[in-house]
Amino acid sequence: MKKTLLGLLVASSTLFASSIEVKDSYVRATPPGLPNSAAFMTVVNTSDKDVAIVKASSTVSKVVELHTHDMKDGVMKMYQVPKIDVTSKSETVLKPGGFHIMLIGLHNPLKVGENVELTLELSNGETKTITAPVKTVMGGMKHHGHKMNHGMKQ
216 MKKTLLGLLV ASSTLFASSI EVKDSYVRAT PPGLPNSAAF MTVVNTSDKD
266 VAIVKASSTV SKVVELHTHD MKDGVMKMYQ VPKIDVTSKS ETVLKPGGFH
316 IMLIGLHNPL KVGENVELTL ELSNGETKTI TAPVKTVMGG MKHHGHKMNH
366 GMKQ
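Using this note's numbering, the first residue of the sequence shown is number 216, and each one after it goes up by one.
Mixed in with the good hints there might be a few duds.
Cross-link-like lysine-lysine pairs, in silico, BS3-like; alpha carbons within 27 Å at most [unchecked claim]: (1) K292 to K277; (2) K343 to K270; (3) K343 to K304; (4) K287 to K343; (5) K304 to K270; (6) K326 to K277; (7) K310 to K350; (8) K270 to K238; (9) K277 to K304; (10) K264 to K343; (11) K270 to K326; (12) K310 to K270; (13) K350 to K277; (14) K326 to K310; (15) K264 to K238; (16) K298 to K287; (17) K292 to K350; (18) K264 to K326; (19) K326 to K343; (20) K287 to K238; (21) K298 to K238; (22) K298 to K277; (23) K350 to K326; (24) K310 to K287; (25) K277 to K310; (26) K343 to K298; (27) K270 to K298.
Label pairs and their calculated CB-CB ranges [stated by the list, open to error]: (28) V327 to K238: 16 to 22 Å; (29) S338 to V308: 17 to 23 Å; (30) K298 to E332: 19 to 25 Å; (31) T351 to D288: 27 to 33 Å; (32) N323 to K287: 29 to 35 Å; (33) V278 to T351: 20 to 26 Å; (34) P246 to S338: 32 to 38 Å; (35) K298 to V352: 23 to 29 Å; (36) T344 to K298: 17 to 23 Å; (37) T261 to G320: 33 to 39 Å; (38) S272 to E306: 21 to 27 Å.
Please keep in mind that the hints were generated in silico from the structure rather than gathered at the bench.
We treat Cβ as the ideally placed atom computed from N, Cα and C, and that holds for glycine.
Generate coordinates for the entire structure from the input sequences, incorporating the hints supplied.
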């Protein structure tokens, strides 16, 4: 009886084990007065089904949005997206100049050495809560003389 119960517990924990892993997460440190930051990470999907990040949340800012960048008419534009896809058996890298999570309206400046808790909501109903360290990110996107428009895409 005990062996059967133990076997069922092990089987059920394997059944519900997540096939989504988040690694190498970090949040950009901000100087005082800068109201926004961004979170970056690698999201790995080991399952046979595509999944997407459909929402993110955190208590460090008023608003949290999923964003990306595109070059339009010689200007790099950043805008909100409804989801960030992570196809089956692959990974999606959230990085400066690409997909990322915007933290808008920070309650306090983010300092190196602090941690930010983020919750990701996935299209399969799963949620992942991660703790990302705050880091100084030098360089970031290379603008190559292009103007940067941080407005929303219209």
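Comparing the hints with the structure gives:
1. K292 to K277: holds (22 Å)
2. K343 to K270: holds (11 Å)
3. K343 to K304: holds (18 Å)
4. K287 to K343: Cα-Cα ~33 Å, so violated.
5. K304 to K270: holds (21 Å)
6. K326 to K277: holds (18 Å)
7. K310 to K350: holds (13 Å)
8. K270 to K238: holds (18 Å)
9. K277 to K304: At roughly 34 Å apart (the allowed maximum being 27 Å), K304 and K277 break the hint.
10. K264 to K343: Roughly 17 Å between the alpha carbons, so the hint for K264 and K343 holds.
11. K270 to K326: holds (24 Å)
12. K310 to K270: OK: K310 and K270 at ~17 Å, within 27 Å.
13. K350 to K277: holds (21 Å)
14. K326 to K310: At roughly 19 Å apart (the allowed maximum being 27 Å), K310 and K326 satisfy the hint.
15. K264 to K238: Holds, at about 19 Å.
16. K298 to K287: holds (21 Å)
17. K292 to K350: holds (24 Å)
18. K264 to K326: violated (37 Å)
19. K326 to K343: holds (23 Å)
20. K287 to K238: Outside the cut-off at roughly 31 Å; violated.
21. K298 to K238: holds (19 Å)
22. K298 to K277: Holds. K298 to K277 sits at ~19 Å (cutoff 27 Å).
23. K350 to K326: Distance of about 8 Å is within 27 Å: holds.
24. K310 to K287: Satisfied, since the Cα-Cα distance of roughly 19 Å is no more than 27 Å.
25. K277 to K310: holds (22 Å)
26. K343 to K298: holds (15 Å)
27. K270 to K298: Given that 27 Å is the threshold and the Cα spacing comes to 7 Å, the pair holds.
28. V327 to K238: 16 to 22 Å: holds (20 Å)
29. S338 to V308: 17 to 23 Å: With a Cβ separation near 18 Å, S338 and V308 satisfy 17 to 23 Å, so the hint holds.
30. K298 to E332: 19 to 25 Å: holds (21 Å)
31. T351 to D288: 27 to 33 Å: holds (32 Å)
32. N323 to K287: 29 to 35 Å: holds (34 Å)
33. V278 to T351: 20 to 26 Å: holds (23 Å)
34. P246 to S338: 32 to 38 Å: holds (35 Å)
35. K298 to V352: 23 to 29 Å: With Cβ atoms ~24 Å apart, the hint holds.
36. T344 to K298: 17 to 23 Å: holds (19 Å)
37. T261 to G320: 33 to 39 Å: At 35 Å between Cβs, range holds.
38. S272 to E306: 21 to 27 Å: holds (22 Å)
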